[in-house]
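S.K.: Sequence:
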Amino acid sequence: MVLDEIVVTSSADASADGLPDAYAGGQVATGSRVGILGNQDIMDTPFSTTSYTNEYIGNQQAQSVGDLLKKDPTVRVARGFGNFQEAYFMRGFVTTSDDTMYNGLYGILPRQYIATELFERVEVQRGASAMLNGAAPSGGNAGGTINLLPKRAANDPLRKVTLGYGQGDQGKVAVDVSDRFGTDDAFGVRFNAAYQDGDSAIDDESSTLGLAALGLDYRGDQYRLSADLGWQDNKLKETRPSVTLAGVSRVPKAPDGSKNWAQLGRIQMKKMSLVPFEENMILLIILPLMVLTVCEVVRKKTHWPI
Numbered sequence: 018m019v020l021d022e023i024v025v026t027s028s029a030d031a032s033a034d035g036l037p038d039a040y041a042g043g044q045v046a047t048g049s050r051v052g053i054l055g056n057q058d059i060m061d062t063p064f065s066t067t068s069y070t071n072e073y074i075g076n077q078q079a080q081s082v083g084d085l086l087k088k089d090p091t092v093r094v095a096r097g098f099g100n101f102q103e104a105y106f107m108r109g110f111v112t113t114s115d116d117t118m119y120n121g122l123y124g125i126l127p128r129q130y131i132a133t134e135l136f137e138r139v140e141v142q143r144g145a146s147a148m149l150n151g152a153a154p155s156g157g158n159a160g161g162t163i164n165l166l167p168k169r170a171a172n173d174p175l176r177k178v179t180l181g182y183g184q185g186d187q188g189k190v191a192v193d194v195s196d197r198f199g200t201d202d203a204f205g206v207r208f209n210a211a212y213q214d215g216d217s218a219i220d221d222e223s224s225t226l227g228l229a230a231l232g233l234d235y236r237g238d239q240y241r242l243s244a245d246l247g248w249q250d251n252k253l254k255e256t257r258p259s260v261t262l263a264g265v266s267r268v269p270k271a272p273d274g275s276k277n278w279a280q281l282g283r284i285q286m287k288k289m290s291l292v293p294f295e296e297n298m299i300l301l302i303i304l305p306l307m308v309l310t311v312c313e314v315v316r317k318k319t320h321w322p323i
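Read in order, the letters of the sequence shown are residues 18 to 323 in this note's numbering.
Simulated from the structure, these hints should not be mistaken for laboratory data.
Among the hints, erroneous ones may be present.
[To be verified] Pairwise CB distance ranges (calculated):
hint, residue 1, residue 2, range
1, Y212, D173, 22 to 28 Å
2, V19, G199, 18 to 24 Å
3, D21, V192, 37 to 43 Å
4, P154, K88, 23 to 29 Å
5, V178, T62, 33 to 39 Å
6, T47, Q77, 17 to 23 Å
[Stated by the list, open to error] Calculated cross-link-like contacts (lysine-lysine; reagent style BS3-like; alpha-carbon spacing at most 25 Å):
hint, residue 1, residue 2
7, K288, K254
8, K276, K189
9, K177, K254
10, K189, K254
11, K288, K252
12, K270, K189
13, K87, K252
14, K189, K288
15, K252, K270
16, K254, K87
17, K270, K288
18, K177, K276
19, K252, K276
20, K87, K276
Note that this is a predicted model, so its numbers are computed, not measured.
All residues carry an ideal CB built from backbone N, CA and C; glycine is no exception.
Kindly produce the complete structure, drawing on both the sequences and the hints.
M.R.: So, in structure tokens, the structure goes:
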């Protein structure tokens, strides 16, 4: 008697669907979450979508969502008006960092800047998707939607420390630790922390970033529970603003890339904490009950010298 082959795969997601497998090479996934339809294979999705894995994020040494999406030929990364918000242009329409989803939910991510240590994957859905994902807070996202998947403890323990140095005089240290325990490894814990500080390649410009994130999950046969606790503090000092030229008859000479025309003493501080909670109970045979509770606290201050 020959038994059928059984394939066991590991997933770092507490949801019943898990994470879609990655293609050979591990850079992009074979599918992504398509709103209320759940995980779908890219060949079965009637619009263009790409899911970038955590391995790809590490290989690109991306520091933020915008830093990662610069490599996507369908996305143009820009800044917001009068601030240092990351904005993403897709198909001619802007999607701001305020309208970025976290595990399918709007309004709980840090405003303007989102560090890569806070998420497992980046899913890019091109085209309008309000029917699947709901309306964005700003009413935009006509050109596309970005969804970030939270980090979860996989089946195998993880102990990772990352040291970095670059961009002028920027030093960075990050840790990523996870494990599962209990009967059948039902309980999972994943902790991420990072600290970055130093001067940039631009004169008198510096930044300090600190963050910590804790992902908890329980996965049973008929009950799954997950929660995320996150904190990010991003401080920018004398960051060089963008300059818009209008009415010029020719392309001006490129300025020195190291020069800084920011106002002296200008400091911008952005602090964020989030607590998303998800409960997925499978009732009887097929009916899932979803209960979502979201709490976000955002503080943003800009100090202008007198």
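S.K.: Compare the structure with each hint and give your call.
M.R.: How the hints compare with the structure:
For the pair Y212 and D173, the supplied restraint of 22 to 28 Å holds, since their beta-carbon distance comes to about 26 Å. Under the hint 18 to 24 Å, the C-beta atoms of V19 and G199, about 35 Å apart, miss the expected range. For the hinted restraint 37 to 43 Å between D21 and V192, the CB-CB distance of approximately 42 Å keeps it satisfied. A beta carbon spacing of about 27 Å between P154 and K88 agrees with the range 23 to 29 Å that was offered as a hint.
Evaluation of the 33 to 39 Å hint for V178 and T62 yields a pass: the beta carbon distance comes to about 37 Å. Checked against the hint of 17 to 23 Å, the pair T47 and Q77 passes, with Cβ atoms roughly 20 Å apart. A hinted pair counts as satisfied when its Cα atoms are at most 25 Å apart, and K288 with K254 qualifies at roughly 15 Å. Proximity of K276 to K189 is assessed by CA-CA distance (about 24 Å); at most 25 Å being required, the pair is judged to hold.
A distance of roughly 30 Å separates the Cα atoms of K177 and K254; the hinted pair therefore is violated under the 25 Å criterion. For the suggested pair K189 and K254, the alpha carbons sit about 17 Å apart, so the restraint of at most 25 Å is met. A C-alpha spacing of about 8 Å is found between K288 and K252, which places the hinted pair at or below 25 Å, so the restraint holds. Our distance criterion of 25 Å between C-alpha atoms is broken by K270 and K189, whose separation comes to about 35 Å.
Of the pairs offered as hints, the one joining K87 and K252 holds, with about 23 Å between alpha carbons and a cut-off of 25 Å not exceeded. Using a Cα cut-off of 25 Å, the hinted pair K189 and K288 holds, with the two alpha carbons roughly 19 Å apart. For a cut-off of 25 Å, the pair hint linking K252 to K270 is broken: about 31 Å separates their Cα positions. A C-alpha spacing of about 24 Å is found between K254 and K87, which places the hinted pair at or below 25 Å, so the restraint holds.
Restraint check for K270 and K288: not satisfied, since their Cα atoms lie roughly 38 Å apart, outside the 25 Å limit. With a C-alpha separation of about 37 Å, the suggested pair K177 and K276 falls outside the 25 Å cut-off, and the hint is violated. As the CA atoms of K252 and K276 are separated by approximately 20 Å, the hinted pair is consistent with the 25 Å bound. About 23 Å separates the Cα atoms of K87 and K276, which keeps this hinted pair within 25 Å; it holds.
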